[in-house]
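Model the full assembly from the supplied sequences, consistent with the hints where possible.
As a plain string of letters, each chain reads:
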Amino acid sequence: MTQSAETTQNKPNNGDLGAQYVADVRQRFPAAVIDEERQTRDQLTITVKLEYLPEVVEYLYYKKGGWLPVLFGNDERTIHGNYAIYYALSMEEGEKCWIVVRALVDPARPEFPSVTVKVPAAVWGEREIRDMFGLTPAGIPDARRLVLPDDWPEDLYPLRKDSMDYRQRPAPTTNSETYSFVNDLGDSHNRIIPIGPMHVTSDEPGHFRLFVDGENIVDADYRMFYVHRGMEKTAEVRMGYHEITFLAERVCGICGYAHSIAYANTIENALDIKVPPRAQWIRTLLLESERLHSHLLNLGLVCHFSGFDSGFQQFFRVREKSMTIAEMLTGSRKTYGLNLIGGIRRDILETARKNTIALLNEMEAEVITLIDMLVNTTNFEQRTKGVGILDRKVARDYSPVGPMVRGSGFKRDVRLDHPYAAYASVPVTAFSFDSGDIAARVMVRVKEFFDSTAQCRYILDNMPTGPVLTEDFAYKPYKYALGHTEAPRGEDVHWSMTGNNQKVFRWRCRAATYANWPVLRYALQGNTVSDAALIIGSLDPCYSCTDRVTLVDVKKRKVTTVPYKDFERYGIERKRSPLAK
Amino acid sequence: MTMNSFKYIPGESHYVPEQAGVDAAVAKFKTALLHRLKRSAYVYRIDCGGCNGCEIEIFASITAIFDAERFGIKVVPSPRHADILLFTGAVTRSMRMPALRAFHGAPDPKICVSYGACGCGGGIFHDMYSVWGGSDKIVPIDLYIPGCPPTPQATIYGLAVALGLLEQKLKGKNHVEEEGEGAELIHPQTPLDVRVRIERQARLLAGYKQGREISDRFVNLLETHKLTSLKRHVQEWLEEENDPRLKEIVGQLEKTLHATLKGGSRSA
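Those sequence lines, one after another, are chains A and B. If you're matching positions, the first sequence starts at 1 in the numbering used here and goes up one per residue. If you're matching positions, the second sequence starts at 1 in the numbering used here and goes up one per residue.
These aren't lab readings, by the way, just hints derived from the structure by calculation. There's no promise every hint is true.
Claimed, not checked - Now the stretches of chain B that chain A is said to cover, found in silico as 3 or more residues with beta-carbon under 8 Å:
#: 1; region: 63 to 71
#: 2; region: 88 to 94
#: 3; region: 234 to 241
Unchecked claim - Calculated cross-link-like contacts (lysine-lysine; reagent style BS3-like; alpha-carbon spacing at most 30 Å):
#: 4; chain 1: B; residue 1: K247; chain 2: A; residue 2: K354
#: 5; chain 1: B; residue 1: K255; chain 2: B; residue 2: K231
#: 6; chain 1: A; residue 1: K161; chain 2: B; residue 2: K209
#: 7; chain 1: A; residue 1: K233; chain 2: A; residue 2: K385
#: 8; chain 1: A; residue 1: K233; chain 2: B; residue 2: K137
#: 9; chain 1: A; residue 1: K118; chain 2: A; residue 2: K49
#: 10; chain 1: A; residue 1: K274; chain 2: B; residue 2: K247
#: 11; chain 1: A; residue 1: K64; chain 2: A; residue 2: K411
#: 12; chain 1: B; residue 1: K255; chain 2: A; residue 2: K354
#: 13; chain 1: A; residue 1: K49; chain 2: A; residue 2: K161
#: 14; chain 1: A; residue 1: K274; chain 2: B; residue 2: K209
#: 15; chain 1: A; residue 1: K274; chain 2: A; residue 2: K479
#: 16; chain 1: A; residue 1: K503; chain 2: B; residue 2: K255
#: 17; chain 1: B; residue 1: K231; chain 2: A; residue 2: K354
#: 18; chain 1: B; residue 1: K209; chain 2: A; residue 2: K354
#: 19; chain 1: B; residue 1: K255; chain 2: A; residue 2: K274
Ideal Cβ placement from N, Cα and C applies to all residues, glycine included.
Dropping the structure here:
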């Protein structure tokens, strides 16, 4: 496992970025670009002809070092009569900036050429555009429903402005799950292990199907979005700008603050609001304190899954110190309710500052001991080295984020690539490892934990003076921009367009794990059933995976149900396989 | 297994689920369970579309620091072992059937708890197209643990209430406004625009909480002392606190005060 690190340097750059990419696109596709518009110093949106969309995105992605964190639709018929689709590319080789490729779709012909064929990373986004707007990605290899529940009627598209009242609850079309799971690499002789959607130790529901041959996972597929709550619709129909910062926190109960900042940044970028430096530093501090508790949580769970339960309890015990920090600085264990457009709602005074530093030091000392115990446990090494490998090439194709991509040798981190909040002034290090296995992802989190504590101390010692909030701005309609944060699980990328009624016209929120799910399949392939829980856990989305496991023997047409306990026990002990019965 | 039916609300193309019923015999046993459960209580957690905030706080409640297992409260991996079902989330469309399967899978009598703001009535998502608006829309709920998310302390308290270890404390007070009673003005001796400017400035500098605290203290000093000796008293306060940030904020407030007084004399 080779490790490398890259540290922020303050690169003074006052010029606008990204013009060269657009010039290159114009040269390569002379007839493609219709329009170009700059949002911020490092954000450019180009409108291209629909038929050129896949080629332009592919060109920027593979030829110009772009990654595709987010794509989305927008119902702009009330503005100019068409739908618009946006593909936001993060340019990370050479000049670092955002190029958003936009194309218009005629409502009379609601389809667009699928980009997924050329850039696999577009797959989930395009399926979501189909679900929510009814625009068909022509030629997409995977045309299954993604976001909407199985019992949702066809032809009712929630994010079309005129399709339905946001409160409308149509009668369920079915009482059973109709999603078809894909097993590309195996055949009908494989046994199927469905996992979920409810599971014991964990948070969000998801349904996994492992296709197995004996102990080996041949292929895997999953159905997510059991928690689709209609957040983007909620924001555009019944929230004001400030309220969405609080709504965004409810995207995820673990890294909610990162979402709140990402959203606030979209509006601040779109309207060019100058957030006071002290507010930016406090935001940065809270983002890092969120990383502390999130990484400790995942380290605890890694212990749990590798059969080291006392480690699990110890990490959770130490994690409470980071919760105390959050409570002290924000008034809530969840860093909720602190952001506004233009700044924050609380300052940090001397007592809180001193107490935070004391707690950080205590926590760091304890974690050093715990990590030492963890990495020297032989079981830990056996369970994580060489297991759940995410191949570098797969990672490049699908644009995964956070420790997942950094564990596979890419040093992607928006704190360094596109500094926001106070990251241009605070020393940040991005860590990456080449081995692509669970051990690499764990070690990325370990390194980041210590880096975060160092950042927190640096911030507390060097905080600038001045106000924490500005009210010196006015909302203008139809302005849009991206916002992004490096959440503990990877980058959250948001996009908002302001409306003309003191509400957002459209808010697009892409959480980190959304980008990581599509690659999980490849990390599972070729591993054994006993490692599945650990591999899924190493993504840090949901910890364990099953409430029960149903084994379907296709040959004998026999169904056996094994309690979750057995499955988890097998994951920990790796003896007496429930499959052997 | 009976699954819930749906009721159509005419005129709104809108459906609401009907709650899964509990028959009379089960209800009787349930009361007994609530009051006479003398052994450990097993809890099964059903996430009906929560954001993980609740789930993580449940986690915090059962691990080392808060350790709900002290009270015999144990999270179990299957609904078939459970006495208590804990429903989190606003009940998304996709989670309705899995949640009902778990509900019917747990043996009667069982206690159903609605956990968190979204569980208790759907929270911020209460009327959205993709949720049913809280766990009591699909199953009968015996106890609500509100909060976004509930703290581990609230969780343990709620479960203790569910087990009859504690009686739920409900305090109600009906205030009748008397003749001539009104809301008290704060700092009545300070001119309104002076107070407002100072407080607004303090809030921009230190946020709604500390900003209000600092401006209140500052205006109190202003009211109890003469303008000429204000500086000395402010100085004493700052020396006592020894906080560079507070010094900066109060310094700004003094400037705002003087600017306002000058401006005030001009308008008068």
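Against the structure, the hints:
no.: 1; hint: 63 to 71; in the structure: holds (count 3)
no.: 2; hint: 88 to 94; in the structure: holds (count 5)
no.: 3; hint: 234 to 241; in the structure: violated (count 1)
no.: 4; hint: K247/B - K354/A; in the structure: 16 Å, holds
no.: 5; hint: K255/B - K231/B; in the structure: 11 Å, holds
no.: 6; hint: K161/A - K209/B; in the structure: 39 Å, violated
no.: 7; hint: K233/A - K385/A; in the structure: 43 Å, violated
no.: 8; hint: K233/A - K137/B; in the structure: 22 Å, holds
no.: 9; hint: K118/A - K49/A; in the structure: 17 Å, holds
no.: 10; hint: K274/A - K247/B; in the structure: 25 Å, holds
no.: 11; hint: K64/A - K411/A; in the structure: 17 Å, holds
no.: 12; hint: K255/B - K354/A; in the structure: 28 Å, holds
no.: 13; hint: K49/A - K161/A; in the structure: 24 Å, holds
no.: 14; hint: K274/A - K209/B; in the structure: 23 Å, holds
no.: 15; hint: K274/A - K479/A; in the structure: 16 Å, holds
no.: 16; hint: K503/A - K255/B; in the structure: 37 Å, violated
no.: 17; hint: K231/B - K354/A; in the structure: 27 Å, holds
no.: 18; hint: K209/B - K354/A; in the structure: 19 Å, holds
no.: 19; hint: K255/B - K274/A; in the structure: 23 Å, holds
Violated hints, in rising order: 3, 6, 7 and 16; the structure is consistent with all others.
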